[in-house]
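Protein chains: 2
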Amino acid sequence: MPDSADTKTFDVVYELSAVASGVMRNDVRGRMLEPVLDHIFEMATDEGGYHGGDASAPPPLSYFTTGLVTCLMTQLRASAKRLRIPIGLPKIDARIEWKGDQVGNLPYVARGHAFRFDIDLQTDTPLAEQKRVLAAATKSCFVEVILNVSIHHRLRIDGKWVDV
Amino acid sequence: MPDSADTKTFDVVYELSAVASGVMRNDVRGRMLEPVLDHIFEMATDEGGYHGGDASAPPPLSYFTTGLVTCLMTQLRASAKRLRIPIGLPKIDARIEWKGDQVGNLPYVARGHAFRFDIDLQTDTPLAEQKRVLAAATKSCFVEVILNVSIHHRLRIDGKWVDV
Numbered sequence: 001m002p003d004s005a006d007t008k009t010f011d012v013v014y015e016l017s018a019v020a021s022g023v024m025r026n027d028v029r030g031r032m033l034e035p036v037l038d039h040i041f042e043m044a045t046d047e048g049g050y051h052g053g054d055a056s057a058p059p060p061l062s063y064f065t066t067g068l069v070t071c072l073m074t075q076l077r078a079s080a081k082r083l084r085i086p087i088g089l090p091k092i093d094a095r096i097e098w099k100g101d102q103v104g105n106l107p108y109v110a111r112g113h114a115f116r117f118d119i120d121l122q123t124d125t126p127l128a129e130q131k132r133v134l135a136a137a138t139k140s141c142f143v144e145v146i147l148n149v150s151i152h153h154r155l156r157i158d159g160k161w162v163d164v
Numbered sequence: 001m002p003d004s005a006d007t008k009t010f011d012v013v014y015e016l017s018a019v020a021s022g023v024m025r026n027d028v029r030g031r032m033l034e035p036v037l038d039h040i041f042e043m044a045t046d047e048g049g050y051h052g053g054d055a056s057a058p059p060p061l062s063y064f065t066t067g068l069v070t071c072l073m074t075q076l077r078a079s080a081k082r083l084r085i086p087i088g089l090p091k092i093d094a095r096i097e098w099k100g101d102q103v104g105n106l107p108y109v110a111r112g113h114a115f116r117f118d119i120d121l122q123t124d125t126p127l128a129e130q131k132r133v134l135a136a137a138t139k140s141c142f143v144e145v146i147l148n149v150s151i152h153h154r155l156r157i158d159g160k161w162v163d164v
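Line by line, the protein sequences give chains A and B. Using our numbering, the first residue of the first sequence is number 1, and each one after it goes up by one. Using our numbering, the first residue of the second sequence is number 1, and each one after it goes up by one.
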């Protein structure tokens with residue numbers, strides 16, 4: 001890519017400065033620079049007592065998992081609009097599992113284990129069309145495209161979960 | 001893995017519920033379930049006007065990038081402690097770049113482009129030891145280990161940036 005004269009390529013760029021400001025606390029200031037210069041955001045993270053922190057803010061993985069799920073939420077709506085396929089207000093219930101392997105008291109080694117998204121587009125649009133929206137959204141999602149774990153997506157159709 | 005009788009494996013599990021609550025806004029409630037049951041966190045995301053949103057909260061990628069950078073911040077400190085290598089309070093300046101390719105008005109296709117972390121451990125500890133801390137931390141970081149893009153890390157040594 002780009003694979004045709006008709007393809008336009010754009011940049012998405014973020015810059016962040018993070019400083020350690022407590023035993024396990026971090027304070028972050030960041031900004032999207034491209035495609036538009038956005039407002040500066042400020043976020044704080046901490047760890048709970050099990051990780052030696054003071055629990056003064058949510059842990060880093062709560063930010064990561066929120067970013068992962070909501071990036072897809074945005075793209076579901078953007079894709080539906082661009083494909084002119086009607087959907088309702090999306091809901092996602094996500095379960096995200098990792099494993100850590102530790103030898104003695106050495107630093108542990110992390111790995112992704114199982115990521116599952118149950119997606120309810122709250123619409124009567126047929127399954128085939130909902131699948132088109134989801135397929136496009138997963139390719140547009142800036143987080144999902146850079147993961148080396150596959151996410152198990154299910155769609156809610158007629159009150160039942162359907163693997164897609 | 002596990003690769004020896006001495007290896008202990010633990011789980012890290014998050015569950016989140018995200019609901020669309022505005023044109024592009026989402027409200028998220030989530031919780032870490034393992035290794036310990038943590039407090040419920042609540043986070044909101046929105047998009048700016050360039051993406052059809054109301055900018056009522058930071059965009060999803062601000063949460064993702066914050067999670068990515070701070071997860072490594074935590075692991076730098078945890079790894080240094082476990083390896084008994086002294087470091088100061090870490091600082092990271094990060095630049096995270098994606099590209100999007102769009103044909104006409106179809107949903108675009110996202111891809112990672114260049115991720116760079118400039119890391120200042122604020123210590124006189126020799127480079128070789130700092131590299132050991134960083135190498136361990138990148139393997140412990142639950143976000144970095146599930147990325148299919150490599151992060152270009154630099155360490156601040158004697159006032160200069162060193163590629164590692």
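Hints are supplied without guarantee of correctness; some may be wrong.
[To be verified] Keeping only pairs whose Cα atoms sit at most 27 Å apart, straight-line, the calculated BS3-like set for lysine-lysine is:
(1) B:K160 to B:K139
(2) B:K160 to A:K131
(3) A:K8 to A:K139
(4) A:K99 to B:K99
(5) A:K99 to B:K139
(6) A:K131 to A:K99
(7) B:K160 to A:K99
(8) A:K81 to A:K131
(9) A:K8 to A:K99
(10) A:K91 to A:K131
(11) B:K139 to B:K8
(12) A:K91 to A:K8
(13) B:K99 to B:K8
(14) A:K160 to A:K139
(15) B:K91 to B:K160
(16) B:K99 to B:K81
(17) B:K8 to B:K131
(18) B:K81 to B:K91
(19) A:K8 to B:K99
(20) B:K99 to B:K131
(21) B:K81 to A:K139
(22) A:K160 to A:K91
(23) A:K81 to B:K160
(24) A:K99 to B:K8
Calculated directly from the structure, the hints in this document are not laboratory data.
For each hint, the structure was consulted:
1. B:K160 to B:K139: Judged against 27 Å, a Cα distance of about 25 Å means the pair holds.
2. B:K160 to A:K131: Answer violated: K160 (chain B) to K131 (chain A) is near 50 Å, above 27 Å.
3. A:K8 to A:K139: holds (16 Å)
4. A:K99 to B:K99: At roughly 30 Å apart (the allowed maximum being 27 Å), K99 (chain B) and K99 (chain A) break the hint.
5. A:K99 to B:K139: holds (12 Å)
6. A:K131 to A:K99: The hint is violated at about 30 Å.
7. B:K160 to A:K99: The given pair, whose Cα atoms are some 36 Å apart, is violated under the 27 Å limit.
8. A:K81 to A:K131: holds (14 Å)
9. A:K8 to A:K99: Status violated; Cα separation ~39 Å.
10. A:K91 to A:K131: holds (15 Å)
11. B:K139 to B:K8: holds (16 Å)
12. A:K91 to A:K8: Violated. K91 (chain A) to K8 (chain A) sits at ~31 Å, over the 27 Å cutoff.
13. B:K99 to B:K8: violated (39 Å)
14. A:K160 to A:K139: Answer holds: K160 (chain A) to K139 (chain A) is near 25 Å, not above 27 Å.
15. B:K91 to B:K160: holds (14 Å)
16. B:K99 to B:K81: violated (37 Å)
17. B:K8 to B:K131: holds (25 Å)
18. B:K81 to B:K91: holds (17 Å)
19. A:K8 to B:K99: holds (10 Å)
20. B:K99 to B:K131: With a Cα-Cα distance of about 30 Å, the restraint between K99 (chain B) and K131 (chain B) is violated, given a limit of 27 Å.
21. B:K81 to A:K139: It is violated: about 39 Å lies between the C-alpha atoms, which goes past 27 Å.
22. A:K160 to A:K91: Status holds; Cα separation ~14 Å.
23. A:K81 to B:K160: violated (48 Å)
24. A:K99 to B:K8: holds (10 Å)
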